[in-house]
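From first to last, the protein sequence lines stand for chains B and W.
Terminal number for the first sequence in this note's numbering: 1096, no gaps in between.
Terminal number for the second sequence in this note's numbering: 179, no gaps in between.
Among these hints, one or two may not hold up.
[Said to hold, decoys possible] Here are the simulated SDA-like pairs of lysine to any residue, each with C-alpha atoms no more than 25 angstroms apart in a straight line:
(1) W/K9 <-> B/Q711
(2) W/K147 <-> B/G751
(3) W/K147 <-> B/P970
(4) W/K9 <-> B/I820
(5) W/K9 <-> B/A967
Read the hints as simulated data drawn from the structure, not as lab findings.
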Amino acid sequence: MTLSTIAVTVLWIAVLTQFPSQRRAPIRRAVWLTMLLLAAIGTLDLTAIGARLDTAAGLPNAADLTQHVLGIVAATLARYCAVAIFGTEQQRARWSAARTTAVAAFTVICLTGLFAISPARTQPTDIALYADFPMQYAAHPEVLAYWAIFAVYLGTTFVIIARLAWRYGRTAGRSPLGGGLRLLAAGMVAGLTYLGYGTAVVAAHAAGIQGPFIRTAPGIIQALFGALIVLVAAGGVLPATQHWPVARQIGLYRSLRTLYPLWAGLYQAVPGIALDPVPGWTDRIDPRDLRMRLYRRVIEIRDGYLALNPVDVPGIEATVRAAAGRRPLSAADAAMVAAATRLELARRAELRGEARAGSGDPRAYREFVAGADLDSEVRLLRVVATNWPTISRAAETIERSSS
Amino acid sequence: MDKLRRHCERRLRHMALPDPFDLGELCQAVSARRGRPLHVRRIPGPPARTRPCGIWIATDDDDWIFVDQDTSPLHRQHIVLHELAHMICGHDAAALPENDLIGRLFPDLSPAMVRTVLSRASYQSEQEREAELLASLILTKPQRAAAVMPVLDMSEAEARILRRAGLALGMDP
């Protein structure tokens, strides 16, 4: 099985797994249809399938032309999706289906017309040497114009989507949605590299340049196209995986276990937080009711933090950064870890029976606020749990210096 | 605890909850059912270890829920739901054991006006355990569990865009 076949299989799996949910909303339908078109393009790019289409149509390079036309349609749909998802109210109101369709239709007519007058209409492409007909017939001006139109239309779409998907992927953070958007952005970068490299090869052919650069081109172009397909498939599916029952249960169990030490430490200091306390071994082996148990864990950790009495510690941020050692913390994580260290100091004081009466330091709570849903709460508390060695080291340093 | 859970699940099956879940709508529904205005406010003063994180005070005419603001939106929502669960379950603290606390937190409130006070501070009583369990069950029902937007440090416009992106990529709305 070649790399291209694997990539196309992955994309078809992604398209088919998304099918049951594609009917609910127009935007979901549009995204699914874009992925379906990409899967069809990838399928036509397979040598055996493409050759059969050429034979059936009685037209050399019919598969290449069909792929390029489908590429224009997919790019147009992708632009609609980008406006519908990321656009402001004004941009969405200004977006005109008629104008976009007209531009896409004009582009398709230009490509078809240029193909019709090129030698590619009557002569087959040597697939051992060339990935696409524009590379073989690049010396003909109409083919050069064909490739330029195709590359500009697709390239513009790739740039638009890569920029938006990367920006909002970073905003969404370490979540399935953030990961999915970043993978889509990476797929668009692979697409841009494919177009850039393809353009260089076409230009080299047009200029009559030969050499290793030309000989290795088909393999590299196939690899870049495969990367585009796999990354788009992975990015398109990743956000939805959190609703797949098995993936969801595994995720819940892992979060439950990650948060157990945090909860156990707080439970030791403030036993009243637990509605139904369970020993560690039961928590580890019991696979039932995971969502409810995780929800309770988060609420009880929050109750525990509110029951503590954190105090202000001057210079705590520097101590936390020093405790992090070679693993530098981002600004957001550093503030959160400092807040968690304040709370850890309060927990230790509570355990020693030295908890201060009166009001707590509100910063220990305010630096520590997540979203309105369980997932973002879990994500935040998992940052605390995974930075526990740093928090513990920082708390010990502060305790030693104050004793 | 298993028996209490079955009891709460039975109660939940007979409750008409907003779907998708909306705390404001549930507050309005409980208020309409009780025929009394319901107000949700923050607990006055700075956080302190002796202060409960949620309090329900019923006066002759109104219900008041007070919530600690120094915690996350999910936790605040849970605290309000805990107090609503007391109302839904028909809990009553006629003996007003927490009058001392109320006097400290709300010095202007006349004890003669107060009919019921319940605070979310521990799970020692059956009433507290029932309210806590019911609140947890309401928020963990599958159809109410899918507000999966990560909202760390982002504007409302960005959150809206990410909700649309999630919807487009197969996540539940």
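Checked hints:
1. W/K9 <-> B/Q711: violated (40 angstroms)
2. W/K147 <-> B/G751: Not OK: W/K147 and B/G751 at ~59 angstroms, beyond 25 angstroms, violated.
3. W/K147 <-> B/P970: Holds - the C-alpha atoms of B/P970 and W/K147 are around 21 angstroms apart, at most 25 angstroms.
4. W/K9 <-> B/I820: violated (72 angstroms)
5. W/K9 <-> B/A967: holds (17 angstroms)
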